[in-house]
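Since the structure of chain A is already known, use the hints to place chains B, C, D, E and F on it.
6 protein chains.
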Amino acid sequence: MSNFTHFNQQGRARMVDISEKNDSVRTAEAISSVMMSPEVHDKIVNQQLEKGDVLAVAQVAGIMAAKNTWNIIPMCHPIPLKGIDISFDWEKDDGQVRLVIRAAVKTKGSTGVEMEALTSASVCALTVYDMCKALDKGLVIGPTYLSQKTGGKNGDYKRDKSASLNVGVRT
Amino acid sequence: MSNFTHFNQQGRARMVDISEKNDSVRTAEAISSVMMSPEVHDKIVNQQLEKGDVLAVAQVAGIMAAKNTWNIIPMCHPIPLKGIDISFDWEKDDGQVRLVIRAAVKTKGSTGVEMEALTSASVCALTVYDMCKALDKGLVIGPTYLSQKTGGKNGDYKRDKSASLNVGVRT
Amino acid sequence: MSNFTHFNQQGRARMVDISEKNDSVRTAEAISSVMMSPEVHDKIVNQQLEKGDVLAVAQVAGIMAAKNTWNIIPMCHPIPLKGIDISFDWEKDDGQVRLVIRAAVKTKGSTGVEMEALTSASVCALTVYDMCKALDKGLVIGPTYLSQKTGGKNGDYKRDKSASLNVGVRT
Amino acid sequence: MSNFTHFNQQGRARMVDISEKNDSVRTAEAISSVMMSPEVHDKIVNQQLEKGDVLAVAQVAGIMAAKNTWNIIPMCHPIPLKGIDISFDWEKDDGQVRLVIRAAVKTKGSTGVEMEALTSASVCALTVYDMCKALDKGLVIGPTYLSQKTGGKNGDYKRDKSASLNVGVRT
Amino acid sequence: MSNFTHFNQQGRARMVDISEKNDSVRTAEAISSVMMSPEVHDKIVNQQLEKGDVLAVAQVAGIMAAKNTWNIIPMCHPIPLKGIDISFDWEKDDGQVRLVIRAAVKTKGSTGVEMEALTSASVCALTVYDMCKALDKGLVIGPTYLSQKTGGKNGDYKRDKSASLNVGVRT
Amino acid sequence: MSNFTHFNQQGRARMVDISEKNDSVRTAEAISSVMMSPEVHDKIVNQQLEKGDVLAVAQVAGIMAAKNTWNIIPMCHPIPLKGIDISFDWEKDDGQVRLVIRAAVKTKGSTGVEMEALTSASVCALTVYDMCKALDKGLVIGPTYLSQKTGGKNGDYKRDKSASLNVGVRT
Chain A
2 MSNFTHFNQQ GRARMVDISE KNDSVRTAEA ISSVMMSPEV HDKIVNQQLE KGDVLAVAQV
62 AGIMAAKNTW NIIPMCHPIP LKGIDISFDW EKDDGQVRLV IRAAVKTKGS TGVEMEALTS
122 ASVCALTVYD MCKALDKGLV IGPTYLSQKT GGKNGDYKRD KSASLNVGVR T
Chain B
2 MSNFTHFNQQ GRARMVDISE KNDSVRTAEA ISSVMMSPEV HDKIVNQQLE KGDVLAVAQV
62 AGIMAAKNTW NIIPMCHPIP LKGIDISFDW EKDDGQVRLV IRAAVKTKGS TGVEMEALTS
122 ASVCALTVYD MCKALDKGLV IGPTYLSQKT GGKNGDYKRD KSASLNVGVR T
Chain C
2 MSNFTHFNQQ GRARMVDISE KNDSVRTAEA ISSVMMSPEV HDKIVNQQLE KGDVLAVAQV
62 AGIMAAKNTW NIIPMCHPIP LKGIDISFDW EKDDGQVRLV IRAAVKTKGS TGVEMEALTS
122 ASVCALTVYD MCKALDKGLV IGPTYLSQKT GGKNGDYKRD KSASLNVGVR T
Chain D
2 MSNFTHFNQQ GRARMVDISE KNDSVRTAEA ISSVMMSPEV HDKIVNQQLE KGDVLAVAQV
62 AGIMAAKNTW NIIPMCHPIP LKGIDISFDW EKDDGQVRLV IRAAVKTKGS TGVEMEALTS
122 ASVCALTVYD MCKALDKGLV IGPTYLSQKT GGKNGDYKRD KSASLNVGVR T
Chain E
2 MSNFTHFNQQ GRARMVDISE KNDSVRTAEA ISSVMMSPEV HDKIVNQQLE KGDVLAVAQV
62 AGIMAAKNTW NIIPMCHPIP LKGIDISFDW EKDDGQVRLV IRAAVKTKGS TGVEMEALTS
122 ASVCALTVYD MCKALDKGLV IGPTYLSQKT GGKNGDYKRD KSASLNVGVR T
Chain F
2 MSNFTHFNQQ GRARMVDISE KNDSVRTAEA ISSVMMSPEV HDKIVNQQLE KGDVLAVAQV
62 AGIMAAKNTW NIIPMCHPIP LKGIDISFDW EKDDGQVRLV IRAAVKTKGS TGVEMEALTS
122 ASVCALTVYD MCKALDKGLV IGPTYLSQKT GGKNGDYKRD KSASLNVGVR T
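Residue numbers (the numbering used here), protein chains in the order written: chain A, 2 to 172; chain B, 2 to 172; chain C, 2 to 172; chain D, 2 to 172; chain E, 2 to 172; chain F, 2 to 172.
Mixed in with the good hints, there may be bad ones.
You can't tell identical chains apart in this list, so a pair holds if it fits in one copy or across any two.
[Said to hold, decoys possible] Within a straight-line C-alpha distance of at most 25 Å, the following computed BS3-like cross-link-like pairs (lysine-lysine) qualify:
id, residue 1, residue 2
1, 22, 159
2, 22, 134
3, 138, 162
4, 109, 93
5, 138, 44
Worth flagging that the hints you see were computed from the coordinates, not collected in a lab.
Bear in mind the structure is a predicted one, so any value in this text is a computation, not a measurement.
Bound-form chain A, shown alone:
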């Protein structure tokens, strides 16, 4: 079936063939965050938001999104996820408070789970926004990025801590 061995000459989208790759354990961890005022932070911690316990709902959303990544990201392969874990940290950041979200995903499959980790962390952050937006529509999500991965032919990846990006907000 020539479609799979040659390049798609029409330059359009395809889900690339990974049937030659072996199943192995692979992990990925992605980080996102939500920047908020101390007032919003307090309402979350004290569970005073009308929609419910923000972090509990966000964590469930992030886990379900990881499982649905193949359905949300068009060229992603469906792979059997074996474990998903999301954790939260609070950091003070220049008069604001940042909720740091880490999503760790594990598979035993034939391709990596970077997209599952990134999608999980992103949806977790979006859910935090949704639960808090009645208080403040100015919350900022991200930056969102891959912090590390293990397994697969190309080996492990760990983001260089010194790599920093000047990321501003525009309107």
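Okay, now just chains B, C, D, E and F, sitting in the frame of chain A:
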């Protein structure tokens, strides 16, 4: 049915009652971005990526995600989307190139479409990452935020351009 | 289009025509339950289960299922849900403990939300089972039934408290 | 990745790591039921319901729900289902008629299919309710429980026939 | 929000703005078919296929697909379907037998349901193929087309019976 | 579990047991088409349609549909797709122009991917219709059929080029 008129005393999640709110035209626009090296930028523009035309696929993904927001974000109400439009801009940013993604969503419904716009922009950015990750796993998504909204009881919102956030990357 | 005005003469399935019915506020409340040993009850209340906070996760699952009812139950109409609220009660029952689940759903639509309430309560109970099954596979779900509804052409419904059913378990 | 080897110290939800478990054939069978009046039973058997052939539609719904269990139950792992079979029996029960639903599910995967069988039987019962609710809103679903499972590290399970539960209906 | 009033200058995809259009009753009917040998026809009619009653399953699949059209077809608007009806006819055709599938869909919404009818008929035909493919992989689906629509600003449409197309099969 | 070894005696639907079948590489290719006027062809090629680049969107839709086949076709098994590729050709056909769509799907699983290829090609064609229907509602989809498959116990299949079908359009 007392559950709807009183506060959920167990402090857990609920989809809040909006049956009193009227249908009206509402819009929201969210912004996300993907920061990349000039090399990745060139491959996107010249359509040299194995998975296909990055921006075309990302745009479709963002539109489909907007329609699925109620299914991805647990406490979101399902509302009838009337229009979705995603546009791209390229900006030079400190030796890197930033793809700026704007997702505009419109409804004629009884609640706003902020989450639909934010989810759309986020999934669009995630798809860009997916299409390019074979080249570079260090791409950074976001920040992602609401730039404006119109309609609804609480009136319009426009993000203050001067509001800036010092958002760094950690590992 | 005769298909809609006459009976489907082939006796097969159809989603019946409700285009003549007007939009109005309608509510429904369904009840399900999970019967468990005091030991499982204690683990839930003390949050000692490996998969996490049972009731928090179950509540999110029940809310998301209510929104997906039209997709789970083949002949159900898609209708715009306006509010969903799930609450829990514990009852002692013959040496066992019963978790009683009440799911209340509200719409402003052209058909009732009985199925949304029943599906929500059922999925909430199934999720409780899932979170606890490592401890005990003998948990029993239900009975599950409609406790009341309001709105719609046929008027309100309230289950007769004295109606009882002798429901045993067989293998 | 410490998240997977240590307990989630924040006590929140996670999809537990099953990457160490081997693929093997596993089966599970769950039972649910719908209690109805003889009049409703007769309409089902004679295919006189406006929405169509009740059991045919319910069976399809149950099979599709089994495949979607990982998407309906938040902490469930996606696993490759290899077979699904739903069967029905009618029983007289104290002047009423009970439709007994058995859902049998088979996989060759790394975790059991108890949730798939229970979700399948539940959705099958909910669909029966939906198809009949124009006649009678008082139908009662369940109890729903696991009748047996085979395969997996913890071995087989078979529900003790003598275990009975006094399950009443409340309003 | 200029994105909605001006043309998308980047020539890419968008879900066009229909917020100006009024809700009204609209219907559409699409036709598909499956061409098969008399042997396959007999197995269907006599319900001798291992996967079950072909037409019953196909009808459920077609109804569920109509409701999911907005999720399957990227630029389709989500609209509230009010009724779906699928009927079958058998025709002899040049030594073969053709199963003709008619899918009729009704909405009270702000855009037409042509895509819902076409998707419904197509999925119904695909399901027939799936149920029969163990017998014969040579079944041919379609042609599939819109036979009529009513309602909407552009008025009614009825396919000209004399319009015929010479549609061959190639390999 | 007798349900899996004996025939379903109630003649209803089931997802047949494939747990005995081994994983192996399997491919399938399906063909569909859309027949249109030269005017519609020109608008597609020159990207003058309001909804965007027709072929780019249709290709993404076809790839996503292949991954969702198990969810669209009730008795289909979920299997891990390893590659999906869709290509287009234009053919003149009796004063009209035909867009020929080929969908090639690859798995390493325990059953074939005929349905995935057929569903992918069908949804790709439906999306073309959707993008063009503002211009012309008379476009005809299909015929749609399996052109070839490889792998599996029953060996390869290749449609006989000389097999032709006289497929007309009726109203």
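Status of each hint after checking the structure:
1. For the homomeric pair residue 22 and residue 159, the shortest alpha-carbon distance inside one copy (22 Å) is at most 25 Å, but the shortest distance between copies (27 Å) is not.
2. Taking the shortest Cα distances, residue 22 and residue 134 sit within 25 Å of each other only across copies (17 Å), while inside one copy they are farther apart (44 Å).
3. For the homomeric pair residue 138 and residue 162, the shortest alpha-carbon distance between copies (14 Å) is at most 25 Å, but the shortest distance inside one copy (30 Å) is not.
4. In this homomeric assembly, residue 109 and residue 93 never come within 25 Å of each other (Cα to Cα): the closest approach is 37 Å inside a single copy and 39 Å across copies.
5. Taking the closest pair of Cα atoms, residue 138 and residue 44 come within 25 Å of each other only inside a single copy of the chain (15 Å); across copies the shortest separation is 36 Å, beyond that limit.
When the structure is compared with the earlier hints, a violation turns up for hint 4 alone.
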